[in-house]
Amino acid sequence: MKVRVTSYWLPKAGNTQDEYEDAFYPKLSKKRQGKQLHFAIADGASESMLSGKWAEILVKKFCKLKASRMDFGDFLEKAYKTWNFWKRNYFDEREKCNKPIQWYEEMGLQAGAFSTLLGLTLIGFEEKSYGEWKAIAVGDSCLLQVRKECLIHKFPIQNSSDFNNRPFLICSDPARNNKILEVLKITSGDLHFGDQLYLMTDSLACWFLERYENEQAPWSFLRGLDINGTQRPFELWITELRARKEIRNDDVTLIRIDIN
Amino acid sequence: MPYTAEINRTNPSCFLFMIDQSGSMADPFGVGESNKRKAEGVTEAINNHLREIALKCARTDGVRDYFYIGVIGYGAQVGSAFTGPLAGKELVPISDVANLPARVEERVKFVEDGAGGLVDQKVRVPIWFDPIANGGTPMCQALSMGGRILKKFISDHPACFPPVVIHYTDGESTDGDPTVAMREIANLSSTDGNVLLFNCHVSSIRAEPIAFPHSHVGLPDQYARMLFNGASELTPIMCEFAENEYGLNLLPGAKGFTFNATLVLVIQALNIGTRPSLAQLR
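If you're matching them up, the sequences are chains X and G in order.
For the first sequence, the positions run 1 to 260 when the working numbering is used.
For the second sequence, the positions run 261 to 542 when the working numbering is used.
If we strip away everything but chain G, and leave its shape as in the complex, we get (with noise of 0.2 Å):
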């Protein structure tokens, strides 16, 4: 059966985060709670996924390597989007992003003190990369850096539980059509299934947002269209994910596909895309 390799220190996963960087993404999300920009609110979630992965794979002797972790961003270049000591770097072991933040970052965070109350307590956050919004949409140039990582990790780890691509954009390729760099990531699959691939539209348009659909009947242009064609069929597991953590009724044939994101489904899609995964570590 599909997706159910385990994962381990000799059998490693991969996430891949494809952020588009363009122009446009200094606009703040068209429609949800949040004022925050679109470059912003991407950032922060992925930076707090990132380290929620590593809190996942620390163990009491250091953290273990059971991910492989890429973060491309495209705009006015195209290339890896550490900063810091990972700066260039494609695709680095957990441990490495857990040990080499850009920097980290002092915060107060609230917590139960037990007896009703919350007490204030001091947390350290790393950070490993910071908004950028700048430049044009070169989607396609992106996509195939990221198919020939995967294309690699893949060739390295043959039996692996097959790597997930989150990618976020807000707009238009400038550099042609990105349905065969998408169909080429989609189709490339370890023994135990192909890459999932998530698109994620981050829109600044008012209309309402749509998560996970099953058809392409409702999506409002050819280039919504496009990236719901190129994204991968969610799992049985995600599904079931999806409706126990955020009671999302999907249908069968439901894509990792959201249109005009608000910063929660923004952070329902990076659940829905990782969760799954970080449950078959052993």
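Excised from the complex, chain X in its bound form (with noise of 0.2 Å):
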């Protein structure tokens, strides 16, 4: 199976890069190919501490661990692995620079840091143009299918009056995710040549989800983007929704693959 990925990413407006909370992997805006091919995408909860790096660990580990073929919640043990080893790290460290841990962040990192994750698997059937796809997700970051011209696959959102502030999230901290396997949803569809996959967080998807419902071809926007490979018309054309409040002052983060 062959692809050619595209990502994009952007801050809310006012903040730095630095303080950009979603994730997405693998970072590349390339063509890949291979048997299997993994894609994640999360989105850190801006109201915890580190969610950003945590929607980071999910991301990746959902991507090289090739999670689709694990229980979920082998999955997950080993993102907390990962965290507790990244955040003891984070103390020492604090500890070297004599910038020690402040109340208000020992009670945000006790409180757990959340994210959303969507996480895609492409799985490419040999000698063949076309292939199928599983997903995973927890929480409002979307997967939407286009082929020739038509949106075939929303998910796990379906409406844009689906979206609230309160999507359900993972936890760093396992006591948080008792009900995780209760929110997880899991779905597979095909794959044609020609189709396209786009993986968003929230606010886009949800201008997405608009569009369509108004009964417009919101991917013919994402296409236009793709100039010279570079990230401006993208950041320009977010500035311009956002001016215009078409979407919501969020990091915005998308991922779109085209399948060869």
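In short, the hints are calculated from the structure, not lab data.
We put the beta carbon where it would ideally sit given N, CA and C, even for glycine.
Please note: incorrect hints may appear among the correct ones.
[Said to hold, decoys possible] So, partial list: chain X residues that the calculated Cβ filter (under 8 Å) puts toward chain G:
(1) Asp71
(2) Gly73
(3) Trp103
(4) Gly108
(5) Phe125
(6) Glu246
(7) Asn249
[Said to hold, decoys possible] Simulated restraints, written as ranges between beta carbons of each label pair:
(8) G:Asp481 / X:Asn98: 31 to 37 Å
(9) X:Trp86 / G:Asn489: 51 to 57 Å
(10) G:Asn447 / X:Asn214: 37 to 43 Å
(11) G:Asn447 / X:Lys99: 40 to 46 Å
[To be verified] Okay, derived cross-link-like pairs now, DSSO-like style, lysine-lysine, Cα gap no bigger than 27 Å in a straight line:
(12) G:Lys412 / X:Lys99
(13) X:Lys96 / G:Lys382
(14) G:Lys296 / X:Lys87
(15) G:Lys369 / X:Lys99
Take the two lone chains, each set in its own frame, and fit them into one complex as the hints suggest.
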């Protein structure tokens, strides 16, 4: 299976790049090929401490562990382990720099970091020009599949009105994930040559579904961003949408996958 | 539409807490489950609430200045109620509130262990001010000071999400009729709407509490009616929050006023007054 991957990201207006708390993997925009290809996108909750780092751990672990083959609980165990290792190092570094953890950081970290996760695995069939995909989701990061100018799959959110400020989230503290398997969503679909898959975090996904519900083809806007292989057109476009209040001011992430 | 401005570091908002610290605040709450002295209950609620606001603004890079905070106490003296490094400061960014408490106490709390049990966990709890109950009730002077602080804040941040004032009192003003001073505060406005004034009456009277009424009918005295009249109408988002969080089915025109508030109502008023603003954080 051969695909072309293009990724875009932008922090909230008013925030720096260091303050971006979404995550996606793989990071590079390029052509990829293989029997199984893994992609993930996550949206770290702004209100929790270090949620951007937790989101990053989740997307990397999903792809590197080929987590679609694993029990989700086992996947989470490995993610917690990486998080705890990283957190210990972070505390050590702070001590070394003479910047001890403040009370509000301690409380925030005790509450845990929170993030959505959408993981996608593409599986190619040998000698054939089609395949299948499997996806898992916790929260409101979305997968949208377009075939021959038709939106054929929306996952896990079906309508723009379904977005709210309280999506299900994965916590870095296992004690707070008691019900995670109840809210985990799993789906699959088939892949044809020429399909496009879009992974996006909530603000852009909400815009996309609103446009679609108004009988427009929002994917045509996304295709138009692919100029000179730079992020700039995406940044300008999102800035315009924010200015016109067509999109919520939030971190925005988009992965576009073209099946070649 | 008013009360929709985004709160961010370039367009912060403001919470101003005004606390009656007169001698009668040493009495216990009149109703409710708590035997706590009113001064202790209100102080603890506001200390806890400042902590929650700071936590809401805490990010990996530190506490972001989404809000400015003032705490005015009035009793034997009128002025900033902050103690410790912030003593005497009228309005401070939330990062200063977070980083400069008067002290940090170590406490133990019980948290779920994820396997159906509880484990104890040490937590450091910041304290910004202690209960005081002393002297008369110079409410007019305090409201006048609050108005001056808010006027300056709005002048510096003309498009801000409107400041919210939470005023706790248990008694009659001893320096005149505060009606005009309350009206002046509630009439202050940014381009996003008027300042929202909550009057929370904490009493030792053994009478049924009244929460967020839409009319003064049924209020027991002229003084309660005066505080009701001075309070702002709750915004639609506040009413929605009150219904969703507390099951309060408020009527149109419901005001930010509580009479004979229990400790539970003290905390409800704080949450209804501040949480909708926190939802505007970006």
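Hint-by-hint comparison with the structure:
no.	hint	result
1	Asp71	violated (18 Å)
2	Gly73	violated (12 Å)
3	Trp103	holds (4 Å)
4	Gly108	holds (5 Å)
5	Phe125	violated (41 Å)
6	Glu246	violated (15 Å)
7	Asn249	holds (5 Å)
8	G:Asp481 / X:Asn98: 31 to 37 Å	violated (58 Å)
9	X:Trp86 / G:Asn489: 51 to 57 Å	holds (56 Å)
10	G:Asn447 / X:Asn214: 37 to 43 Å	holds (42 Å)
11	G:Asn447 / X:Lys99: 40 to 46 Å	holds (45 Å)
12	G:Lys412 / X:Lys99	violated (34 Å)
13	X:Lys96 / G:Lys382	holds (23 Å)
14	G:Lys296 / X:Lys87	violated (40 Å)
15	G:Lys369 / X:Lys99	holds (25 Å)
Hint compliance for this structure: hints 1, 2, 5, 6, 8, 12 and 14 are not met, and every other hint is.
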